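*Asks:* Chains S and A, in that order, give the protein sequences.
The numbering used here applies: residue 229 is where the first sequence begins, and numbers increase by one.
The numbering used here applies: residue 68 is where the second sequence begins, and numbers increase by one.
These are calculated hints, taken from the structure and not from any lab test.
Here the structure is a predicted model, which means the values were calculated and not measured.
Glycine is no exception: its CB is placed at the ideal position from the N, C-alpha and C atoms.
Incorrect hints may appear among the rest.
[Unchecked claim] If you want a taste of the chain S side facing chain A, the calculated C-beta under 7 Å gives, among others:
hint, residue
1, Glu361
2, Gln362
3, Met369
[Stated by the list, open to error] Covered by chain S, according to a simulated footprint, are these stretches of chain A (three or more residues, beta-carbon under 8 Å):
hint, segment
4, 157-167
5, 170-176
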Amino acid sequence: MPAPAPVPTRRGPAPVSRALDVLAAVGYGTRFFLRLCGLGLASLRRPRLAIDQVHFIGNYSLSIVLVSGLLIGFVLGLQGYYTLRRYGSEEALGLLVTLSLVRELGPVVTALLLAGRAGTSLTAEVGLMKAGEQIDAMEMMAVDPVARVLAPRFIAAVLCVPLLAALFSAMGVLGGYLVGVQGIGVDAGSFWAQMQGGVDWLADVGNGVLKSIVFGFTIAFTALYVGYHAAPTPEGVSRATTTTVVVASLAVLGLDFILTALMFSTE
Amino acid sequence: MQENLVTVDGLTFAYKDRQILNGVSLRFPRGKVVALIGGSGSGKTTILRLIGGQLRPQRGSVRFDGQDVHGLGRDALYALRRRMGMLYQFGALFTDLTAFENVAFPLREHTDLSEAMLRDIVLLKLEAVGLRGAAHFGISQLSGGMQRRVALARAIALDPSLIMYDEPFTGLDPISIATVRALIRTLTDALGSAAILVSHDIQDSFAIADYVYLLAQGRIAAEGTPQDMRASSDPNVRQFLDGDIDGPVAFHYAAKRPLAADLGLPS
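Given only the sequences and the hints, what does the whole structure look like? Please build it.
*Replies:* Structural data, given as structure tokens:
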């Protein structure tokens, strides 16, 4: 079936018509999201499709995520040390670096990196398939393109984001250790002991993982929705990739604020 | 069994304000090649999309083997499409798959054939279009003509009752045109399927067509066998066949205002 126009045109007074259009677009987007979730789970019955996408989205993003994690760990190590030294608390460096990473920087920066690296590539791929009539051809072969093309990519992206965020945080901790302990000379025992004692698995690590799962859904949905509804022209695909980066990045940052407020407001 | 596989009655279709088809009626019998000719933008491809159920008409009906295409639900429509094959203007091949995998695609999606049997069928289909030797080529390694032939092999993979060819000769060299032309005729005779050939190439489509419809200004301007059309004195037919600029089909697309008004000159 052809993708229905997300925003149908209605007649009536302009504000009412616009409000109805927005409502219809939200309804269509919600249905599309739920459909992707359902078909994404169903696509696991053909694991090869999802595994290929995990390889494409996850493995190909590994280098940028690991290097970024390490560099941010370096910076956290330096900045943390200079701040903590003022209060004579250098031994808490491990705790500061780790909490910064697992609560915030790991999920958020990984999501932003993936919105740029994998999100745009998903949007461009689906948009170009549409421009090249491949999506049309699939429909005419009685194959649902949402189930065959979009769903495996959706589930793969959702799985990859938390895994990559965990690797990002691990590399960040390593970076903080290299700068703080090996470079500046903070005591290694204090660095690890403070971290072990101060980080709560559920409240800190668990909430960070939960954030990255939410961001995974956000990036995957944005990239695939925008690509699937891109105008089938070079200009349309180009605009769609830009839209993906802008919308996914802002959505990640906005959701991060909301989730942080909900998760850590009781502390 | 009905003689006509596809029956189109009173089809009326418009894209927003632009009227494309206005009460078009067509018959597509089994075992015959029926050419739909007409200028660019005359609605030929739109008819194919209406027959495939990808577009919905404002008025009129399309019946495929007695079933009303636009009255079917999604599952029934997909079941119907398994009996249709479509050759797109530029092939619409999946660029991430080899020639072999492109032809295997509909078989993998719709059948539970063993790998050995699937391989035999795909190789036979590729043999039919003369490309068994290029089975494991990537799409970018194939010339335009070869891509069109692989797309044809994919279109006939499920032995469809109806094959629709959308501008199959466009952009091909004379040898490739002759090859594709011979394949269309041979496949129609061998499979006994109905063939719809959309083209604005008079010589090539007349050479293999059993019957011709000429579309102009959203209506059937003339119809008959290729011989009838060549002998016709109908001004629409003459203008199209002789390539006259002046005739019933206007050179200028209708403008809302006179030229002088657009240029800001006194009328």
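*Asks:* Give a verdict on every hint.
*Replies:* Here is how each hint holds up against the structure:
{"no.": "1", "hint": "Glu361", "in the structure": "holds (4 Å)"}
{"no.": "2", "hint": "Gln362", "in the structure": "holds (5 Å)"}
{"no.": "3", "hint": "Met369", "in the structure": "holds (5 Å)"}
{"no.": "4", "hint": "157-167", "in the structure": "holds (count 5)"}
{"no.": "5", "hint": "170-176", "in the structure": "holds (count 3)"}
This entry satisfies every hint, going by the numbered hints stated previously.
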